[in-house]
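**Student:** Since the structure of chain D is provided, determine the placement of chain X on it from the hints.
Chains D and X, in that order, are what the protein sequence lines are. Count the first sequence with this note's numbering and you get residues 1057 to 1555, in order. Count the second sequence with this note's numbering and you get residues 1057 to 1555, in order.
I should point out that these hints are in silico values taken from the structure, not numbers from a laboratory.
Identical copies look the same in the list; a pair holds intra-copy or inter-copy alike.
Pairs of lysine-lysine, DSS-like flavour, derived with a Cα cap of 27 Å:
1) Lys1427 <-> Lys1233
2) Lys1093 <-> Lys1071
3) Lys1303 <-> Lys1093
4) Lys1061 <-> Lys1148
5) Lys1113 <-> Lys1071
6) Lys1305 <-> Lys1093
7) Lys1533 <-> Lys1546
8) Lys1427 <-> Lys1195
9) Lys1545 <-> Lys1533
10) Lys1381 <-> Lys1546
11) Lys1113 <-> Lys1061
12) Lys1116 <-> Lys1071
13) Lys1390 <-> Lys1545
14) Lys1303 <-> Lys1371
Residues per chain, in single letters:
Protein chains: 2
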Amino acid sequence: MSNRKYERFCELNRKIAVLSSAAGLLSWDQETHMPPKGAIIKAEQMGVLSGIIHNLKTDKELVGLTEELLHDSSLDDVARTNVYEFNRTLQKSLQLSTEFVEELNRTISAAYPAWHQAKTYSRFELFAPHLERLIELKKQEIQLTGYQLHPYDALMDDFEPGLTTHEVDRLFDDVRKELVPFVQTITKHSSPDDSFFNQPYDENLQVAFGRTVLEAMGYDFSSGRMDRTEHPFCIGLHPGDVRVTYKIKPHDISEIIWGLIHEGGHALYEQGLPADQFGLASGSAASLSIHESQSRFWENNIGRSSAFWNFFFPKLQLTFPEQLKHIHANDFYKAANRVTPSLIRIQADELTYHFHIMIRYEIEKSIFEGKLTVNDLPGFWNKLYKEYLGLDVPNDAQGILQDVHWCHGGFGYFPTYSLGSFYAAQFYYAMNKELNTEELIEKGNLIPILDWLRTNIHQHGMKHRAQQLCEKVTGEKLNFAYFMQYAHKKYNSIYHINN
Amino acid sequence: MSNRKYERFCELNRKIAVLSSAAGLLSWDQETHMPPKGAIIKAEQMGVLSGIIHNLKTDKELVGLTEELLHDSSLDDVARTNVYEFNRTLQKSLQLSTEFVEELNRTISAAYPAWHQAKTYSRFELFAPHLERLIELKKQEIQLTGYQLHPYDALMDDFEPGLTTHEVDRLFDDVRKELVPFVQTITKHSSPDDSFFNQPYDENLQVAFGRTVLEAMGYDFSSGRMDRTEHPFCIGLHPGDVRVTYKIKPHDISEIIWGLIHEGGHALYEQGLPADQFGLASGSAASLSIHESQSRFWENNIGRSSAFWNFFFPKLQLTFPEQLKHIHANDFYKAANRVTPSLIRIQADELTYHFHIMIRYEIEKSIFEGKLTVNDLPGFWNKLYKEYLGLDVPNDAQGILQDVHWCHGGFGYFPTYSLGSFYAAQFYYAMNKELNTEELIEKGNLIPILDWLRTNIHQHGMKHRAQQLCEKVTGEKLNFAYFMQYAHKKYNSIYHINN
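For reference, chain D alone in the conformation it holds in the complex (with noise of 0.2 Å):
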């Protein structure tokens, strides 16, 4: 049965896609390509575009399709997420006027240099009252939109559809239970050694070995590339044009390897999207933290991995045969999981990295609840640093100022990622029930691996929402238990912990 409502309507969100698609494009080119002075008509190309793109997504034809479409009984369950989910971001668009809208970006755009100003020379006073507007601005946006519960759901919302702060609070309870105290018992005992990571490596080595192991991944060069960058990410243009970068310390190789893995992740579920859905929910990604999930298990679950080291630390060792000629397989597998309490979340392992999510979960919920004022935020920072890492924080650039999110307005952000390695674990607890990964990862041959991830996630779009997605993969809910078992499983071996 053909509706033409319904294709009028994926008509006009493709459209948006492919604008925002472009746009893509720019801001790709500007981390990695663009020369300085070119930064000036970048900003205004952004700007023209994004407002073009906001005046189609809320443009009437749009919005009345999407309200006919949303009372459609004849829609089957596919089209009726595409309109439900269109039509949830929708709402919030028009619940905010265009003056809001301008305001919180001209305040995001003043709020970068000075947090960037701040963060350079450690003085948080220089970015305090733009965070303070911004908080302020964020406060009314989740009045302006509403909310059920909690007043910090709405900010979740943005990034992970239908994620409460009740779940979030039971999830990082059991990490506070569980992973807090295991990792108090790792501390206790003697760290592998992680000292050769760090010696002169050629740098066009280094890109090489990267990408030997991202098309070993199954990541498709004809849809996709890699360029070098300051601060790596991943963008999806289209499953036909997959952009990883990677960052490059010529005095650490630990770098480039498991940024190139983790973004090499993101990058497989993008080109794993259905193209012929483009632009609507079921070709876009679940959310955030599965996202999250996908990048985390590449990076951790497979990336350091015993078998996956079995297989490419010869390879490694034979494009740097100087650098690693005393080192073993084994070593190299251990040094990669060192779990070492740390001051910055993006240079934390796989285990405490959950210590500095909480940290951040746990401030910004206060925040919003009204019970902190941005005055109070470095001395609560510093100790719950103290609290859960046992850290002394030396400065406020180590700490409170070091992330980049809340200058973009991202309050709600950070939870997706603990959430994302969380999901990682219980898919892989799954896919061993189907697959002997490890037999497969130790041959180097991760393409049954990628296929059983297309299988079950990535082809779904965001048919499902996470939590559902979850439940059709793993037979369950988000069950912080196989997290636990991984970790446990991995790091008793590692740091010989018999219990």
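**Tutor:** Just chain X, lined up with the frame of chain D:
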């Protein structure tokens, strides 16, 4: 005196330019970095963007403002020019119905692959029906947009505002009278050896040398970059972001050298346009022939001069000591100026090049005078190549099918290439009245040369049309005598011709 209407006119023009610049980045990406499977989304992005740009250009508000401002006597000269030039292209667009434009675009889209196949298999009949339809549509376009004296004038006007068939006829009469016999004299003398161009040259070193030359020319790498491509071009997204591209032939050093100098000449013009006039005629290139005058000035007048190689050859020799060990600067200079009649326009030397253009001009003019049908074209082409260049065309791939221009509907474009060279010679003559260019070039000090071009040409944008600009800079209209004078001086010496 502030003029609100004119300010709004400028604002709308700038918005159009900002979006065109975004479209420019998409096309740069297509030719340099896009992965193969990114082609589909790219075509969609470009289609959607060009539709939006067309709508903005013909939007009621802008059309109304333009109409009013055309009769606003309070405008200064520059503002008047900006309104006038915008209106010129606007009126053309308004004459063409959406259906007509869509059919033209469809025909062009279908023509490109047909031309490509026809060229690959050297089968003109595969392209002929497409060419026939393109010519029909272009004839309709001429009728719709109108012309004063000759239908071909309407076509040239798209690339060279105001240029007439009458002027080009007179110019090519001079070429026939003076350049044709001069080339005949030259080719009776023995040619310099250029076989050392064709050796293996390391690709990275080729690029490094090319970069050195661009830097010496004053190309600002903080407002640009250079990338590899198959068909080299320069694209100016804004004076702050002007990118050049190059082709590498691993066995021919000449390709990258004069390719990059040529594109660098275009780029210096774009980098030198006034950024505060971006989007207006006063911030745009005067015409295609003036653009080409800049690329050819650097490529030929500077980049194939004896002084240039006296300075740069020792550097090139240091880069490629093996390949160039028995070569002297003067041998290199002479090789760079070898004159040989040849079949392919883009491989021609700076003298016989103009015969290729005259042939195309004669053919295009006859087509739009209704004197030639599509079936006559290959024969007529081959006849003219015999007449002007003394060559038998062995097949259509090396004959009538060699250029991409027609399948894009680009009739009327070719003459701007010759005009560019002739303007370049005249500008060079004028420059030499103020600067001792040879002495500067010998020292590798090219910046005063760039400064002269900036002051006399670049900064004026399109405030003056090509002919008026030429008069302003040189004191007279385009005069072919300067090109012949330049040619005599250079080639009499290289070829030991006494007259």
